[in-house]
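J.: Here's the letter readout for the chains.
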Amino acid sequence: MFEFYGTPVASRLLLGTAQYPSPAILADAVRASGTGIVTVSLRRESAAERGGQDFWALIKALGVRVLPNTAGCHSVREAVTTAHMAREVFGTPWIKLEVIGEQDTLQPDVFGLVEAARILSDDGFEVFPYTTEDLVVAERLIEAGCKVLMPWGAPIGSGRGLNNAYGLRTLRAHFPDIPLVIDAGIGLPSHAAEAMELGYDAILLNTAVAKAGDPVMMARAFAGAIEAGRLGFEADPIEARDMAAPSTPLMGKAFL
Amino acid sequence: MKIILNGNPHETQAPTLDAVLVELDFADAVVATAVNGTFVNAAERAETRLADGDQVEILAPMQGG
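Respectively, the protein sequence lines represent chains A and B. Take the first sequence: its position 182, counted from the start at 1, is 182 in full-length UniProt numbering, and no numbers get skipped. Take the second sequence: its position 48, counted from the start at 1, is 48 in full-length UniProt numbering, and no numbers get skipped.
It is worth saying that the hints were derived from the structure and are not from the lab. In this text, all values refer to a predicted model and were calculated from it rather than measured experimentally. Take these hints with a grain of salt, some might be off.
What the hints assert, rightly or not - Restraint ranges, calculated between C-beta atoms of paired labels, are given here:
no., chain 1, residue 1, chain 2, residue 2, range
1, B, 12, A, 139, 46 to 52 Å
2, A, 167, B, 46, 47 to 53 Å
3, A, 93, B, 13, 33 to 39 Å
Glycine included, C-beta positions come from ideal geometry on N, C-alpha and C.
Based on the provided sequences and hints, a complete structural model is requested.
T.: This is the structure we're talking about:
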């Protein structure tokens with residue numbers, strides 16, 4: 001078991017709550033995934049529909065911890081204000097900090113991200129920054145007070161997997177004691193397993209599960225892949241080599 | 001008085017942010033509020049007076065990734 005800001009985390013799968021075909025399928029997928037942490041957001045509430053109240057009741061009934069996000073924020077001010085609103089509504093100092101810098105790739109504005117992370121950390125927030133695999137940005141985020149890093153695998157919702165496995169491996173090697181979570185871009189269970197085999201601590205998923213033909217089955221598939229990948233990492237895998245090495249002993253082979 | 005409520009024009013007689021929430025039947029709802037881009041926590045709503053043209057945001061939990 002590992003920790004986020006001193007809180008023990010049992011499941012290495014974090015699940016987003018958006019884009020499911022129905023609230024019932026969302027609830028079933030959360031249960032099937034075995035996750036203990038789901039991401040949530042804040043949006044304008046309609047006086048007529050009051051959809052936010054129903055959604056919050058559903059999440060509370062699932063008995064999972066929430067990680068609110070600042071999704072859609074493009075400025076430091078917007079992200080910081082959203083974080084304050086989320087802390088009051090959800091009653092948690094945790095915040096998944098997103099400061100988006102580019103509309104096509106939804107990649108983080110890492111300059112704004114570091115600034116917002118510093119402001120929020122100084123104000124008592126426990127920041128989970130959505131970042132890139134850039135080592136220097138990671139250093140700055142840690143200096144700003146972050147005790148978790150969440151680098152992307154690929155652009156949000158793209159399903160491309162790990163675009164830069166080398167960079168992610170390097171990040172892991174540089175920060176062996178910081179919990180690292182792959183956030184975004186995962187499409188297949190094998191992508192998640194690959195990240196776990198690199199030694200990542202957890203995977204945050206949404207689209208790959210929610211938009212699958214069968215989200216509940218896909219949630220189970222990811223849970224299995226993430227566990228398998230983690231076991232593979234802990235079991236200390238062999239080094240790859242270029243040439244064959246016979247596995248069957250040659251000693252005692254008959255002369256025929 | 002006309003305010004901008006969640007991006008739409010809204011006519012109200014409520015003098016404070018707290019009163020707007022009551023008017024909209026949000027008094028017991030789980031919401032967070034901001035006025036003119038600044039967060040207003042629940043304890044401050046009763047003393048937050050509104051003026052014509054103020055931009056009021058009322059946010060609630062929503063699905064997120």
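J.: Does each hint hold? Answer for all of them.
T.: Going through the hints against the structure:
Under the hint 46 to 52 Å, the C-beta atoms of residue 12/B and residue 139/A, about 49 Å apart, fit the expected range. Taken as a hint, the range 47 to 53 Å holds for the pair residue 167/A and residue 46/B, whose Cβ atoms sit roughly 51 Å apart. At roughly 38 Å, the beta carbons of residue 93/A and residue 13/B sit within the given window of 33 to 39 Å.
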